[in-house]
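Mapping of the sequence shown onto mature numbering (1 follows the signal peptide of the UniProt record, and there is no 0): residues -18 to -1, 1 to 427, in sequence order.
Hints in this document: simulated from the structure, not taken from any laboratory.
Idealized CB from N, CA, C, for every residue including glycine.
Some hints here could point you the wrong way.
What the hints assert, rightly or not - Pairwise CB distance ranges, derived in the manner of DEER restraints: (1) M355 <-> K310: 42 to 48 Å; (2) N234 <-> E105: 42 to 48 Å; (3) N306 <-> S145: 39 to 45 Å; (4) G235 <-> E109: 36 to 42 Å; (5) G376 <-> P414: 20 to 26 Å; (6) N427 <-> R104: 44 to 50 Å; (7) Q241 <-> T192: 34 to 40 Å; (8) T192 <-> A232: 18 to 24 Å; (9) S371 <-> L233: 33 to 39 Å; (10) E109 <-> D291: 45 to 51 Å; (11) R104 <-> D81: 20 to 26 Å; (12) P247 <-> R104: 24 to 30 Å; (13) A346 <-> A232: 20 to 26 Å; (14) V70 <-> P380: 48 to 54 Å.
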Amino acid sequence: MSIYGLLYFLLLLTITLAFNYDRESSNYGDDNDADEAEGYNGGADVPLNPEYRSGKFEGDIVLPEQQRNFDGLAREGITRKATWENGVIPFTIDRRAFDQHQISIINAAMADIHSKTCVRFREKTAEDIRWLRIIDGGDCFSYVGRQSNAGGQDISFGSHCFSETGGTIRHELMHTLGFYHEQARTDRDSHIRIEWDNIENSDAARNQFTKSNKHEVTKLNTEYDLDSIMHYDRFAFQKVRDLRRPTIVALNGRTDFGQRNGFSPIDVLEMNRLYECPEKVEVKEPRRQQSSLENECSNISARKKMYLDGRCYVASEEAAVFSNAIQKCDHLDTAHAHLAFASTRTLVNELYTMVLGDDEALTATYYVGAYQMSTRQGQTRRGWHWMLSKNKPGPGIPLSSEIWQRGEPNDRNGINERAAAIANYGGLDDVPEHAEFYYICEYRN
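Kindly generate the complete structure, drawing on both the sequences and the hints.
As structure tokens, this is what we get:
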């Protein structure tokens, strides 16, 4: 081939690659199709608690064989033979492994336990024959309770175990005190359902959902606690990262369990009961009262509804254009009713799960309350707002907000799309306001 022929071939190759790159990076769904082919339907938004990663028993538990045969495992808590003597946990910390900010998070978690229980962490002395050794073992894991052998027992905090809430640190410290996971309770099947078909196809993954033997455990006379810091979230050990296929389903419809923000009141109660703390320290077990709105929400006859964070969300069973959908929500019997404000990606995902129901894919479109308004008369540039009623805009919505599905909003194919709807696989999509779609109403007290 001549030099001119070679140059011509290279030029043609460059143009072809540029064309393909432009096509693949367009906003018309190619990337989403690729995600679907790989099986990751909205998977980037599936939450993963860091303690699932260590590959140990129930995700993050170092469990010696003899410990499985203890008599009297206490709820997730082990027998008092394996609690720390007098509720005192001597410890050392590898200060070379952690920076000052990480050490402050560890100290804050310990101080939190001090303020709510009679349990105490203190620096190891020469007289201590058993102690806790705080290390960075690359992952988040701990033994359960005090081990019988003399010497130090490890609790590990890898760099990904730290968050500003310190939730994972508190979770591991509860293991050290003697607690297994909440969903291992003998009564769990009365409160949650394990979706075995959605769990990874391996013994290691499926063993994470082992239920305790009723002859080995006591529940410390407490109620099952979806708010416990020791509970898995609903996507733990998923086979495919997919918002539509949880591994744990709460029978009461809740989706916000698996928190790593702090100890629940029942967590505190259990620590005090396991360590026989004085009555003045013990926190009375709360009796959760349903709000009037929660009661109203549960009595609504709609097939798809959800009560979450003080709001009731109800999916319509009829279709309407956007302006009519606003009016229909506004006519709900409350002063605070409007099309749903799906203002965070987490809430968008929850609403998506609600309207998806038991279906494999979302086959209907549901308006939410986002609308693109003209900023000034005669200008083509417009801003997105949450709509309180037909002509009353509420808070603005940045185009960069995480609520949008990738590539949206985009007025696809030149159509003027000024309303927003729940998109398939999560996120919001801009859609034509004159199309008849279903819709989601939101109301509060």
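Right, here's what the structure says about each hint:
Roughly 20 Å separates the CB atoms of M355 and K310, a value that falls outside the hinted 42 to 48 Å. At about 44 Å, the beta-carbon gap between N234 and E105 stays in the expected band of 42 to 48 Å. The given range of 39 to 45 Å is respected by N306 and S145, whose C-beta atoms sit roughly 44 Å from each other. Separated by about 53 Å at the C-beta atoms, G235 and E109 break the suggested range of 36 to 42 Å.
Between G376 and P414 the Cβ separation comes to about 22 Å, which falls inside the hinted range of 20 to 26 Å. Remark: the range hint 44 to 50 Å for N427 to R104 is upheld by a beta-carbon distance near 47 Å. A hinted range of 34 to 40 Å is violated for the C-beta pair Q241 and T192, which are about 22 Å apart. The given range of 18 to 24 Å is respected by T192 and A232, whose C-beta atoms sit roughly 19 Å from each other.
A hinted range of 33 to 39 Å for the beta carbons of S371 and L233 is consistent with their spacing of about 36 Å. At about 49 Å, the CB distance of E109 to D291 agrees with the hint of 45 to 51 Å. Distance hint check for R104 and D81: the Cβ-Cβ separation is about 22 Å, which falls inside the suggested range of 20 to 26 Å. Between P247 and R104 the beta carbon distance is about 26 Å. The supplied range of 24 to 30 Å therefore holds.
The beta-carbon spacing between A346 and A232, approximately 25 Å, falls within the hinted interval of 20 to 26 Å. About 51 Å separates the C-beta atoms of V70 and P380, a value consistent with the hinted range of 48 to 54 Å.
Figure legend: structure checked against the earlier numbered hints; hints not met, in rising order: 1, 4, 7.
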